[in-house]
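Residue numbers (this note's numbering), protein chains in the order written: chain W, 1 to 216; chain P, 1001 to 1094.
It is possible that part of the hints are untrue.
On the chain W side, residues computed to face chain P include the following (Cβ under 8 Å) [stated by the list, open to error]:
#1 Val45
#2 Leu59
#3 Val89
#4 Leu91
#5 Ala148
#6 Leu209
Since the hints were derived computationally from the structure, they do not count as laboratory data. Every residue gets a Cβ at the ideal spot worked out from N, C-alpha and C, and that includes glycine.
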Amino acid sequence: MAGTTIIPTRMVLNQLKGRLRTARRGHKLLKDKRDELMRQFMDVVRRNKVLRERVEDGLTEAFASLQVASSIMSPEMLEQALLYPRQSVELGMKFKNIMSVNVPVYSFQTRSNDPTEIYPYGFAQTSGELDDALENMAKVFEDMLELAEVEKTMQLLAEEIEKTRRRVNALEYVMIPDLESNIKYITMKLEENENSTKVRLLKVKEMVLQEAHNYK
Amino acid sequence: MGFKALGLDCFPAEDSAEAGKILRQLTRESEEEYAIIYIEETFAAQIQGEINKFKDSPSPAIILIPGREGSTGQGLQALKAAVERAVGTNILGD
Chain W
1 MAGTTIIPTR
11 MVLNQLKGRL
21 RTARRGHKLL
31 KDKRDELMRQ
41 FMDVVRRNKV
51 LRERVEDGLT
61 EAFASLQVAS
71 SIMSPEMLEQ
81 ALLYPRQSVE
91 LGMKFKNIMS
101 VNVPVYSFQT
111 RSNDPTEIYP
121 YGFAQTSGEL
131 DDALENMAKV
141 FEDMLELAEV
151 EKTMQLLAEE
161 IEKTRRRVNA
171 LEYVMIPDLE
181 SNIKYITMKL
191 EENENSTKVR
201 LLKVKEMVLQ
211 EAHNYK
Chain P
1001 MGFKALGLDC
1011 FPAEDSAEAG
1021 KILRQLTRES
1031 EEEYAIIYIE
1041 ETFAAQIQGE
1051 INKFKDSPSP
1061 AIILIPGREG
1071 STGQGLQALK
1081 AAVERAVGTN
1091 ILGD
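Just chain W, with the same shape it has in the complex:
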């Protein structure tokens, strides 16, 4: 029994019963929320895993081709070629609501739709390997963007699930048992009071009768 200072009256009993009802309903709702969050979370995790592997492979490849390019060209030339980008990316961010968790949704717009815009240099003085490297990067970039979205979603969901799980557990293992035991305590106390009152009344009745009829 947690609350040792509860007063065993009918009013408190009713209050406690109301709280127990609310706690039960809250518990049920939170449990549903947790289950649904978990389902969504597992989907996100799976997607994240696939994407991450793809991004990591793609980047490794892109870096490797960049490495080749930089070994063919002089570092100055490479730097000069990439010095001023022609393409620019505008990133839009909106929020999507998954079970009251706000997760970001990214959308990106490149300044121009021409895919060749990623090459900010003339082809005459650069090697073809550099073109390959940039092409690889451009390909992997879309996955990277999606990865960012999925990974952030995953982190936010994880936090929410943790919170919800704690609440469910607190209700299930602390609040509800406490309330139940308090209610039991009060009902027992009230019954006891009732019994003693009954006994007292019987006794009084006996005494009154004795007085009236002069029983010996």
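Following the hints, put chain P in place on chain W, whose structure we already have.
Chain P alone, transformed into the frame defined by chain W:
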């Protein structure tokens, strides 16, 4: 890095201390200007504290990417950590 050619803003860092400084600068001064920050795993390992601060806020997203040396598996590690946080145990195996 070649990302500059794609139109991303690049902030080269020599070591993790510098990377941390840049990260702080990007997240503080230009609020909402960068929604996604990609950072190399090798740097991220040493400024984990800074990165974890943004784990629970919707923006910005800080995403680890492998560097030139290839993947160190840290990205997948983060995934496992998130699963463990949500579920309580590692259910992905290995």
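Taking the hints in turn, this is what the structure says about them:
1. Here the hint on valine 45(W) is kept, as its CB sits about 6 Å from the closest CB of chain P, short of 8 Å.
2. Nearest Cβ of chain P to the Cβ of leucine 59(W): about 6 Å, under the 8 Å cut. The hint holds.
3. For valine 89(W), the suggested interface contact is upheld, since its CB lies about 4 Å from the closest CB of chain P, less than 8 Å.
4. With 8 Å as the threshold, the beta carbon of leucine 91(W) comes within range of chain P, its nearest partner Cβ sitting at about 5 Å, so the hint holds.
5. A least Cβ separation of about 4 Å between alanine 148(W) and chain P falls short of the 8 Å threshold, and the interface hint therefore holds.
6. Taken as an interface hint, leucine 209(W) does not check out: its beta carbon lies about 69 Å from the nearest beta carbon of chain P, beyond 8 Å.
In this structure, only the earlier hint numbered 6 is contradicted, and the remaining ones agree with it.
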